[in-house]
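A.B. asks: When we follow numbering that gives the first Met the number 0, the leftmost residue of the sequence shown carries the number 0, and every step to the right adds one.
What the hints contain is simulated information worked out from the structure, not anything from laboratory work.
Quick caveat, the model's predicted, so the values are computed rather than measured.
Among the clues, some could well be false.
To be verified - Quick list of the computed label-pair ranges, beta carbon to beta carbon:
#1 K230 with K182: 20 to 26 Å
#2 M322 with E70: 53 to 59 Å
#3 K369 with K393: 36 to 42 Å
#4 K230 with E127: 52 to 58 Å
#5 W359 with V94: 43 to 49 Å
#6 V137 with S175: 14 to 20 Å
#7 K357 with E306: 30 to 36 Å
#8 T186 with K138: 22 to 28 Å
#9 V223 with Q67: 25 to 31 Å
#10 P386 with W359: 24 to 30 Å
#11 T186 with N65: 20 to 26 Å
#12 T61 with S361: 54 to 60 Å
Said to hold, decoys possible - No farther apart than 25 Å at their CA atoms in a straight line, the calculated lysine to any residue pairs in the SDA-like style are these:
#13 K230 with D358
#14 K319 with D344
#15 K218 with H10
Beta carbons: idealized from backbone N, C-alpha and C, even for Gly.
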Amino acid sequence: MKGDMILKLNHISKMYPGVTALDDLNIQFQEGEIHAIVGENGAGKSTMIKTISGAIQPTKGTIEINGQTYEHMTPALSRANGIAVIYQEFTLIPVLSAAENIFMGEFLMNGMVLDRKAMYNKSKELFERLKVNIDPNVKVADLTTGYQQIVEIAKAVSKDAKILIMDEPSAPLTTSEVEAMFKIVDTLKEQGVTIIYISHRMEEIFRLSDRVSVLRDGKYITTVNTADTNKAELIRLMVGRELTETYPVRAKHATETILSIRNVSGNGVKDISFDVKKGEILGMAGLIGAGRTELAQLLFGYEEITEGEIILNGKSLKPKNCMESIKAGIALVPEDRKRQGLVLDMTIKENTTMPSLKDWSSHSVINHKKETEITEKYIESLRTKTPSMDQKAKNLSGGNQQKVVLAKWLAMNPDILIFDEPTRGIDVGAKQEIYQIMNDLADDGKAIIMISSDMEELIGMSDRIVVLCKGRMTGIMDRDSISQESILAKSAGGDENE
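Using the sequences provided together with the hints, build the complete structure.
C.D. replies: And the structure:
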């Protein structure tokens, strides 16, 4: 750290119709530091990244790199100045090797022939520089997500990156892969690379960064030394207010069973049995590969049940497809909301009303008044932040996208709501809103099944927790007996009756 100023944003603003994405942003980055950027979804972090990389042009302001001022940054100019971005969605081609991906667009040639030996050797040197052992000839499709990310980083380093921007780099990674990524970030810092690190995960901010800059509503709020601040202070700066308790107080609910899972097998899970009660939040814990999402897919009809049955409202149900589950009153808010929960190029109104369209359309004619009323109802009740119901879903923050996914199901009035990783990729303030919405739904008598890898979230929100391991159920715990230790023990395969 303590290097010279390498990058400076001077009075950067970016306006879209009806929206100010960046508002007079001024931030400085030092050579060789890890500089975290935090803020709620919609704070302007993604727009800032795209401005630095030249993907979009600011409405006003300049970018200064190593003392040189630029009014019009382009992707080529950004790369020429040593700026590289690792986005959440990787840019690798799965059928090509690691080496071919690293040199994509700038293949090393020997005359008119691809110089595979040179690319292999250069790639090997890059991996050695990052202190990792990857075969340059291995196909990217055969690598884990963590190793694919390392190939992305090596690709950036191969172009002599001086400034590496990492956008939520840990989001798709396992715990062990996150630790490996941390080591690489530390290594790059030692080699003088400036890391701009965007993350919602506070533990990562405090583990890695030297300084933290806070954005809120497109504005620069402040920059602090990480060692001189704490989680509560950063959250206050991000949201502009003191947050009350993160998790709402759970009330006592009726004991009436609405859903019974009886010896269910299929889609990688075996002999699962438990009940879900009206008005309760049933957490579902387990390690990656435990079968939680697979069980949710069975309940929602994505996959067929091979053995056992579901009893919903006293009636047996073995859904052969999603429509049968939806008609029975089951809704799924999926883990990947962008690919499975929304049509990103459609508007909020279209996404909200699409599943229930047939219920209030006549002879294929859409009742646009009813469509508008329903959309307005859920924008208001879920407090969705948007300039218009005609805003496309892809332009919303993660938290507001999640609210639109939820709105489309609430319009169907389901009895059972399955949330798969409900707050993944969502900022602290929006998380609290989602928790309150879930709590309110339970208070209204809805039964909620919440799959989560966040231990605090599970313990803070659940009335009971079911634990799975390798496709089997290893335990179910009441609120009074829930602890991190007991969840971890059963997640690792502890006996159900322990």
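A.B. asks: Next, verify each hint and record whether it holds.
C.D. replies: Results of checking the hints against the structure:
Look at K230 against K182: about 23 Å separates their beta carbons, and that is inside 20 to 26 Å. A hinted range of 53 to 59 Å holds for the C-beta pair M322 and E70, which are about 54 Å apart. A hinted range of 36 to 42 Å for the beta carbons of K369 and K393 is inconsistent with their spacing of about 25 Å. Hint check: K230 to E127, Cβ distance near 36 Å, so the stated range 52 to 58 Å is violated.
Between W359 and V94 the C-beta distance comes to about 46 Å, which sits within the given range of 43 to 49 Å. A C-beta distance of roughly 19 Å is found between V137 and S175, which places it inside the suggested range of 14 to 20 Å. Distance hint check for K357 and E306: the Cβ-Cβ separation is about 33 Å, which falls inside the suggested range of 30 to 36 Å. Evaluation of the 22 to 28 Å hint for T186 and K138 yields a pass: the beta carbon distance comes to about 25 Å.
In this structure, V223 and Q67 meet the distance hint of 25 to 31 Å, their C-beta atoms being roughly 28 Å apart. Evaluation of the 24 to 30 Å hint for P386 and W359 yields a pass: the beta carbon distance comes to about 26 Å. Look at T186 against N65: about 23 Å separates their beta carbons, and that is inside 20 to 26 Å. Roughly 57 Å separates the CB atoms of T61 and S361, a value that falls within the hinted 54 to 60 Å.
Taking the CA atoms of K230 and D358, the gap is about 47 Å. The hint is violated against a cut of 25 Å. Between K319 and D344 the CA atoms are separated by roughly 29 Å; this puts the pair beyond 25 Å, and the hint is violated. A distance of roughly 10 Å separates the Cα atoms of K218 and H10; the hinted pair therefore holds under the 25 Å criterion.
Of the numbered hints listed earlier, those contradicted by the structure are 3, 4, 13, 14.
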